[in-house]
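**Student:** Sequences listed follow chains A and B, in order. According to my numbering, the first sequence is numbered sequentially starting from 210. According to my numbering, the second sequence is numbered sequentially starting from 6.
It should be emphasised that the hints constitute simulated quantities derived from the structure, not laboratory data. All figures in this text were calculated on a predicted structure; none of them were measured in a lab. Errors might be hidden in some of the hints.
For each label pair, taking beta carbons as the anchor points, the in silico distance ranges come out as [what the hints assert, rightly or not]:
id	chain 1	residue 1	chain 2	residue 2	range
1	A	Ala885	B	Asp26	42 to 52 Å
2	B	Asp26	A	Thr906	51 to 61 Å
3	A	His663	B	Asp26	55 to 65 Å
4	A	Ile730	B	Asp26	54 to 64 Å
5	A	Arg277	B	Asp26	34 to 44 Å
Computed list of lysine to any residue pairs in SDA-like fashion (alpha-carbon distance at most 25 Å, straight line) [said to hold, decoys possible]:
id	chain 1	residue 1	chain 2	residue 2
6	B	Lys38	A	Ala895
7	A	Lys419	A	Val495
8	A	Lys443	A	Thr859
9	B	Lys38	A	Glu898
10	B	Lys38	A	Glu764
11	B	Lys38	A	Ser933
12	B	Lys38	A	His915
13	B	Lys38	A	Arg767
14	B	Lys38	A	Glu888
15	B	Lys38	A	Asp914
16	B	Lys38	A	Ala871
17	B	Lys38	A	Gln843
18	A	Lys573	A	Glu321
19	A	Lys793	A	Leu519
20	B	Lys38	A	Val840
21	B	Lys38	A	Pro877
22	B	Lys38	A	Ala597
23	B	Lys38	A	Leu330
24	B	Lys38	A	Ser286
25	B	Lys38	A	Gln939
26	B	Lys38	A	Arg839
27	B	Lys38	A	Asp923
28	B	Lys38	A	Ile925
29	B	Lys38	A	Gln874
30	B	Lys38	A	Arg921
31	B	Lys38	A	Leu841
32	B	Lys38	A	Leu873
33	B	Lys38	A	Arg282
34	B	Lys38	A	Arg828
35	B	Lys38	A	His256
36	A	Lys571	A	Asn602
37	A	Lys793	A	Thr576
38	B	Lys38	A	Lys793
39	A	Lys573	A	Ala597
40	B	Lys38	A	Arg929
Cβ coordinates follow ideal geometry from the N, Cα and C atoms, glycine included.
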Amino acid sequence: MRVSLVFPPQGHFTQPYLSLPSLAAYLRAETDAEVSLIDANIESYDHFLSRDRLALSLERVRAADRLRELDARPALSFSDMASFQRFSEIDLIGESVVEGIEEAKRVLRTPELFYDYERYLWAGRTVEQGLRLFSAEFAPTVLSAHGFVTRYRVERSDEVIAALTDEAANPYIEYFHDHVLPRLQREDPDLIGISVTFASQAIPALTLAKAIKEWKPEVHITVGGGLLAYVGDKLARREELWSLIDSMVLLEGERPLAELVEVVAGQRELSDVANVLYRDKASGEVITNPQRDPLDIKTLPTPDFDGMPLEKYLSPELVLPLAITRGCYWGKCVFCTLYTVIGPGYRGRGIEQTVEDIRALKEKYGTRHFYMVIEDLPPNMAKALPDAILEANLDIDWWCDARLEHEAFTEEVCEQLYESGCRRMAFGYESSSERVLEAMCKGIDPQKSMELVHRVRKVGISVTLYVMVGFPTETLAEARQTLATLLENRDSIQEVSVRVFYLDETSEIFRRREEFDIAEIYPDPDADLQVYYDFRTSSGMTRVEARRAYLEFTEALRSHFPVFQNTNMLYHELKSHYFLYLAKFEGWDELRANVLEAPRKGSIAEASAVRRRGGLVRRELSFDRSEVDRVLGQTDSEAVRPRYQSDIWTAEDLRTLDRETAPLQPQPSTLVYDAASGEVHCFSPAAAEVLERCDGTLTPAQVADHFPSEVRADAIECVRTLSSLGLLEQNVEEVVR
Amino acid sequence: MKDEERKSDEPEPEPKALESDEAAARAKRVVFKIVPANPKNTFNFEDVADK
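Looking at chain A on its own, in the form it has when it is part of the complex (with noise of 0.2 Å):
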């Protein structure tokens, strides 16, 4: 017996993630089967983001010469300035972004290379520019580093199942066609698993299973994870659907993943296996089983991660998620459904246990990063978890989420917890309001929650804070107190996560929204795979005023926050890479003092020659980029209709768009590329000019010289403008005069 376990894209690049290490080693523990795992996630970023591929889709977007066409226009739409912005940076940075891929994922790769923040700057912003190459070939899709966003919608049952057969908007049926089929068809499998956590993989794993079903229809296809939990009965209504899979797993899928392996070998009948969902083959009914209790943690097997490619991540030392917990102890948050849907029943795995995962995870991969994926360490491990680290002597960094429980983390224990190697902590916050924490039934007083902030960040563990804006019934005072809260304490908080309420079908406060002034919800009626609603309240805030606020969080989190500030992709590629870099430098304050803020970029000097420096590409266009990027930026989707997942704009979206925003009139501009640091700068013609005029044969004053005496001094500073983004050369030898 064969088993294929594979985990579709869209995820996250940096880690694997923990769901076919888990199955696999259960499976191999308690069947016979062989099985094998593919990170399909990983294996197609490493495709993309090659050289050869990304090459074929700079000579495919080069082809359609959009940019060309629009720069000659008389005016922009509202949907013209979204192709400008994405055509004009690939006609400027395509070449050296195809020339740059494999340095860049290198440097990801590397330590020596990784841990130098300025290569890192460039490595991180060569492959987000790679991902937009790649994406602007099936436009309007977007694949990033976060998502994989196309023109359908994910909330919608019969978009989804048109996907699967576009080829212009779906990068995967190529690349399935192409890498996943062949290696299946050479393992053969009886069996075949596809994890499906989050939204972004819902089309990638329907159009694998899609492709399987076309080269071997007999074989068993079952997708199980997170998603299924929320939308899997609804997915199952749809007919298409049963012609792609044969049966799917919801909750936890370790038991029946390996009954499943029994059904397969003849041992077992579907309709015993707990906790599946199938088609009835001689009556078409889908059948439910029943659901079983949870499986205790205790019992089972260290992950195992044998056969994940684990060499391809993109960074330079391992990260390894381990579970210690499952569900949540506290489980009365009204907005969460991880206790509701995902997780009912909390359970720990043990502290000696969990000691002995993290040694034999060291041993055998030789890592000494880990990630433990939990949504809160229990009050009960607060304590115990870092002293076994350190009686172990494991010798190790970590990260996970907790509960700001101000009794259970004492100095002491943050103290200990520093110790054992843990160097972030992420909290549910929410609101520093006590009015809305006690409506939420969050069982946190926002004073104490801050005094543990301080006390976390006193032993130099990171802080992120999770927070919530636009909770029934908050109103924007409240909003903008919590804002102000945060800013406050800005120097013991180091990351921020700010999200928009959504309301959730599966939430308690769904099913109480009388309680929490919600008047009315607004279903779309096409959209049958549906979770999240639309919703009018009785009181505080309206939807479009809590994005607006959630709006002024982000720019002042973006004003006041190091992290945030400018193009800081620790931040961006999160996860691993802002904790590596925590790692690396034992905690934040040395992490801020030599990387963040350490000086770097030139000077000038009055009486030497400025001379810009070499690798700068430059385009004229007829439009101005900044305003492009301005209105573009300005213009929020999530305003205009709160979606499942979003930042796409739908066609009606756009006709709208195009009738209400002004027609953008020409007005030149000039896109720079710096080839040595990755980054893209627009200039106005006079800057352009300044940059121009940079030649290594005059000093500022003469650069300025060429423009009226008024906006000489304005010269001179755009000089010293040039100077700090590090587009002049230094020690130009001095002009004598």
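Chain A is already provided as a structure; the job is to place chain B on it using the hints.
**Tutor:** For chain B alone, coordinates are given in the frame of chain A:
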């Protein structure tokens, strides 16, 4: 006469104003602006959450 001649030799107040307007207009046209060209313009702050 002489007074009149002297008067006519003096710079007219009106053209002076025009000249400063022109300078202001020239200065307005000459803007030294350099900004990051950022397709997304923002980080997605929701992405910190472990998804």
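**Student:** Each of the hints needs a verdict: does it hold here or not?
**Tutor:** Hints and how they fare:
1. The beta-carbon spacing between A/Ala885 and B/Asp26, approximately 43 Å, falls within the hinted interval of 42 to 52 Å.
2. In this structure, B/Asp26 and A/Thr906 break the distance hint of 51 to 61 Å, their C-beta atoms being roughly 35 Å apart.
3. A hinted range of 55 to 65 Å holds for the C-beta pair A/His663 and B/Asp26, which are about 57 Å apart.
4. Between A/Ile730 and B/Asp26, the C-beta spacing of about 59 Å keeps the proposed range 54 to 64 Å intact.
5. Evaluation of the 34 to 44 Å hint for A/Arg277 and B/Asp26 yields a pass: the beta carbon distance comes to about 39 Å.
6. Straight-line distance between C-alpha atoms of B/Lys38 and A/Ala895 comes to about 8 Å, which keeps the hinted pair within the 25 Å bound.
7. Between A/Lys419 and A/Val495 the alpha-carbon distance is near 20 Å, which keeps this suggested pair within the 25 Å criterion.
8. Note on A/Lys443 and A/Thr859: the hinted pairing holds, with a Cα-Cα distance of about 23 Å set against a maximum of 25 Å.
9. Between B/Lys38 and A/Glu898 the alpha-carbon distance is near 11 Å, which keeps this suggested pair within the 25 Å criterion.
10. With a C-alpha separation of about 21 Å, the suggested pair B/Lys38 and A/Glu764 falls inside the 25 Å cut-off, and the hint holds.
11. Taken as a hint, the B/Lys38 and A/Ser933 pair is honoured in the structure, with Cα atoms around 14 Å apart against an allowance of 25 Å.
12. Our distance criterion of 25 Å between C-alpha atoms is met by B/Lys38 and A/His915, whose separation comes to about 17 Å.
13. A distance of roughly 21 Å separates the Cα atoms of B/Lys38 and A/Arg767; the hinted pair therefore holds under the 25 Å criterion.
14. Distance hint between B/Lys38 and A/Glu888 is fulfilled; the C-alpha atoms sit about 16 Å from each other, no more than 25 Å.
15. Taking the CA atoms of B/Lys38 and A/Asp914, the gap is about 18 Å. The hint holds against a cut of 25 Å.
16. Between the alpha carbons of B/Lys38 and A/Ala871 the distance comes to roughly 23 Å, so the proposed pair stays at or under 25 Å and holds.
17. For a cut-off of 25 Å, the pair hint linking B/Lys38 to A/Gln843 stands: about 19 Å separates their Cα positions.
18. Straight-line distance between C-alpha atoms of A/Lys573 and A/Glu321 comes to about 23 Å, which keeps the hinted pair within the 25 Å bound.
19. Proposed proximity of A/Lys793 and A/Leu519 is supported: the alpha carbons are some 20 Å apart, at most 25 Å.
20. For the suggested pair B/Lys38 and A/Val840, the alpha carbons sit about 17 Å apart, so the restraint of at most 25 Å is met.
21. For the hint pairing B/Lys38 with A/Pro877, the CA-to-CA distance comes to about 12 Å; that is within 25 Å, so the pair holds.
22. For the suggested pair B/Lys38 and A/Ala597, the alpha carbons sit about 57 Å apart, so the restraint of at most 25 Å is broken.
23. With a C-alpha separation of about 24 Å, the suggested pairing of B/Lys38 with A/Leu330 holds against the 25 Å cut-off.
24. Simply put, B/Lys38 and A/Ser286 have alpha-carbon atoms about 24 Å apart, close enough for the 25 Å limit, and the pair holds.
25. The hinted pair formed by B/Lys38 and A/Gln939 meets the criterion: a straight-line CA distance of about 22 Å does not exceed 25 Å.
26. For the suggested pair B/Lys38 and A/Arg839, the alpha carbons sit about 14 Å apart, so the restraint of at most 25 Å is met.
27. The straight-line distance between the Cα atoms of B/Lys38 and A/Asp923 is roughly 10 Å, inside the 25 Å bound, and the hint therefore holds.
28. With a CA separation close to 13 Å, the supplied pair B/Lys38 and A/Ile925 stays within the 25 Å bound.
29. Proposed proximity of B/Lys38 and A/Gln874 is supported: the alpha carbons are some 18 Å apart, at most 25 Å.
30. Proximity of B/Lys38 to A/Arg921 is assessed by CA-CA distance (about 14 Å); at most 25 Å being required, the pair is judged to hold.
31. Our distance criterion of 25 Å between C-alpha atoms is met by B/Lys38 and A/Leu841, whose separation comes to about 19 Å.
32. Between the alpha carbons of B/Lys38 and A/Leu873 the distance comes to roughly 18 Å, so the proposed pair stays at or under 25 Å and holds.
33. Of the supplied pair hints, the one linking B/Lys38 and A/Arg282 holds, its CA atoms being roughly 24 Å apart against a limit of 25 Å.
34. Proximity of B/Lys38 to A/Arg828 is assessed by CA-CA distance (about 16 Å); at most 25 Å being required, the pair is judged to hold.
35. The straight-line distance between the Cα atoms of B/Lys38 and A/His256 is roughly 38 Å, outside the 25 Å bound, and the hint therefore fails.
36. A C-alpha spacing of about 12 Å is found between A/Lys571 and A/Asn602, which places the hinted pair at or below 25 Å, so the restraint holds.
37. This hinted pair checks out: A/Lys793 and A/Thr576 have alpha carbons roughly 14 Å apart, not beyond 25 Å.
38. A C-alpha spacing of about 38 Å is found between B/Lys38 and A/Lys793, which places the hinted pair above 25 Å, so the restraint is violated.
39. This hinted pair checks out: A/Lys573 and A/Ala597 have alpha carbons roughly 20 Å apart, not beyond 25 Å.
40. Between B/Lys38 and A/Arg929, the direct Cα distance comes to roughly 12 Å. Compliance with the 25 Å bound is thereby established for this hinted pair.
The structure shown violates the earlier hints numbered 2, 22, 35, 38.
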